[in-house]
Amino acid sequence: MGEKKRENEFERNELLRELIDDYAEQIKRLAYTYVKNWAVADDITQEVFISCFKNMDHFRGESSYKTWLFKITVNRCKDYLKSKWFRSIMPLRSDEKLKTVGSLDDNLIQKSEGEEISQKVLSLSIKYREVIILFYYEDLSIQEIEELTGIKTETIKTRLRRAKLQLRELYKEVE
Amino acid sequence: MDEKLKDLRSKMNETVLKEGEVSRGYKGRIYEAVIHSKKPKRKGTRFIPVLSTAACLILLLILGSYAFSNFIGTEQSLDMKESQQNLSEDNHESREKEAPIDFDKKVFQNQNHQQIYDYLKAWKLPEQNRISSEESGSSSITYENGYSFSKDTGYISSIDWGERNPEVDERPLPTENQYMGVVMGYIDEKASDIERDLFPLLLTRYHDKEVGLSWYVNVDGIKEIHNRSELLMKRMEVALKYSDELPELKNEIEKIHIKAETLANASASLEDDSEKRARELENQYEELKSSIVQLDALIDVAREDKDK
Chain A
1 MGEKKRENEF
11 ERNELLRELI
21 DDYAEQIKRL
31 AYTYVKNWAV
41 ADDITQEVFI
51 SCFKNMDHFR
61 GESSYKTWLF
71 KITVNRCKDY
81 LKSKWFRSIM
91 PLRSDEKLKT
101 VGSLDDNLIQ
111 KSEGEEISQK
121 VLSLSIKYRE
131 VIILFYYEDL
141 SIQEIEELTG
151 IKTETIKTRL
161 RRAKLQLREL
171 YKEVE
Chain B
1 MDEKLKDLRS
11 KMNETVLKEG
21 EVSRGYKGRI
31 YEAVIHSKKP
41 KRKGTRFIPV
51 LSTAACLILL
61 LILGSYAFSN
71 FIGTEQSLDM
81 KESQQNLSED
91 NHESREKEAP
101 IDFDKKVFQN
111 QNHQQIYDYL
121 KAWKLPEQNR
131 ISSEESGSSS
141 ITYENGYSFS
151 KDTGYISSID
161 WGERNPEVDE
171 RPLPTENQYM
181 GVVMGYIDEK
191 ASDIERDLFP
201 LLLTRYHDKE
211 VGLSWYVNVD
221 GIKEIHNRSE
231 LLMKRMEVAL
241 KYSDELPELK
251 NEIEKIHIKA
261 ETLANASASL
271 EDDSEKRARE
281 LENQYEELKS
291 SIVQLDALID
301 VAREDKDK
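Heads up: the protein sequence lines correspond to chains A and B, in order.
Start counting the first sequence at 1; every next residue gets the next number (UniProt numbering).
Start counting the second sequence at 1; every next residue gets the next number (UniProt numbering).
Keep in mind that the hints are not guaranteed to be accurate.
Said to hold, decoys possible - Lysine to aspartate or glutamate pairs mimicking EDC-like chemistry, simulated, CA-CA at most 20 Å apart:
#1 A:LYS157 <-> B:GLU3
#2 B:LYS27 <-> A:ASP42
#3 A:LYS127 <-> A:GLU138
What the hints assert, rightly or not - Which chain A residues stay away from chain B? Per the calculated CB distances, all over 10 Å, these:
#4 GLY61
#5 GLU62
#6 SER63
#7 SER64
#8 LYS66
#9 THR67
#10 LYS71
#11 ASN75
#12 TYR128
#13 SER141
#14 GLN143
#15 GLU147
#16 LYS157
Claimed, not checked - Partial chain A-side listing against chain B, Cβ under 7 Å, derived:
#17 LYS28
#18 GLN46
#19 PHE49
#20 TYR136
It should be emphasised that the hints constitute simulated quantities derived from the structure, not laboratory data.
Quick caveat: nothing in here was measured; it's all calculated off a predicted structure.
Every residue gets a Cβ at the ideal spot worked out from N, C-alpha and C, and that includes glycine.
Please construct the entire structure, taking both the sequences and the accompanying hints into account.
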């Protein structure tokens, strides 16, 4: 009995190690696209794996581990963004924002196409940024996004359309 | 625009998300943090209420057995004296007045806790409007209004919004006879949340060994305390709305709500981020944590005993 328990624990720990190896980076980056703060993204990454480890026995395999982990990440990020603290404090601690605006020198150097589109995507409001990231960056299908976020297919499509319109507008502003 | 968004992953990874690269060391640190987070802290916290309940029961057992042996002793001596002195009537009357002690029933010193325990022990999920039967293999019972409750504890487990859009529509409402399952579930959920350690966020102060014996205020820790107390306060607001049928429980929730609100307000501003203030906030947080965990433990005990 004790032997079996130890075996189970060993398997759980090994699975955790594998999941961290495979997904820690993706989760950290996904979290950053929501919260735009690396320190917070680090904490969320850790929380996601704690939650995953605690609920590992309840994972029924209805979705892949990746989808499951992404779902926890999205929920944690949204909890963070919903908090009043974030809403009231972020404008005061806008060091991240300042970084994206960049110094004069930065502005003089022509940004690469990749950097430009990346920064524009990050500047979108969260509901548009979310669908762009999940669809174009994570390469998820509409159905997978629906499963992950609970947003209906039609709404996702509408948001994708509007997000692209906004990006186009942002390019026009530069021109 | 589609052309620009093509290959967005590599474009972002090479620019704005470059800092997201993780090393083996980082992965190792996460692994260690997760493994060490699995200590059953909750049980440790529950140990105190369980211990006090056990202590009460042992005390009652000792007093009961003492009273019982006195009773036997008195009866024997009275029998002996009865033939000589006719004094047994008064003693007999006093014996009849003593209520028998029910050792199967948990006894709490706090009358409020006793009422909560008794009520929740007897509380049952409603039979009407179920769409999944108790016999089905599922661990929860689902109702027509989309509410699901754990078959085992009766706590709310999920709400199915059906065709409704969570971003636009109103949340479906529970029926009156589901209220207590919602209240218990919310308390249990928040007790679990608040117990989660988010190292290093929950430290409001750093001790920097390299610099010496200085303490530094950790702003992120205070932020986290604010977030958690505010979320707890909001949940307790909903729980208050649904707990009218058990005023004793409502009273306990109200106390937690006040503590959470006070802490949320106190931790909202960073104007005076002194080490002393950080310590005070941390203490208040511990107090809030202890209140909700103890109430949750009481609910858990009642629900564990429901079939006894």
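Status of each hint after checking the structure:
no., hint, result
1, A:LYS157 <-> B:GLU3, "holds (18 Å)"
2, B:LYS27 <-> A:ASP42, "holds (11 Å)"
3, A:LYS127 <-> A:GLU138, "holds (16 Å)"
4, GLY61, "holds (16 Å)"
5, GLU62, "holds (14 Å)"
6, SER63, "holds (16 Å)"
7, SER64, "holds (18 Å)"
8, LYS66, "holds (14 Å)"
9, THR67, "holds (17 Å)"
10, LYS71, "holds (14 Å)"
11, ASN75, "holds (12 Å)"
12, TYR128, "holds (12 Å)"
13, SER141, "holds (15 Å)"
14, GLN143, "holds (17 Å)"
15, GLU147, "holds (14 Å)"
16, LYS157, "holds (14 Å)"
17, LYS28, "holds (5 Å)"
18, GLN46, "holds (6 Å)"
19, PHE49, "holds (5 Å)"
20, TYR136, "holds (4 Å)"
Checked against the numbered hints given earlier, the structure satisfies every one of them.
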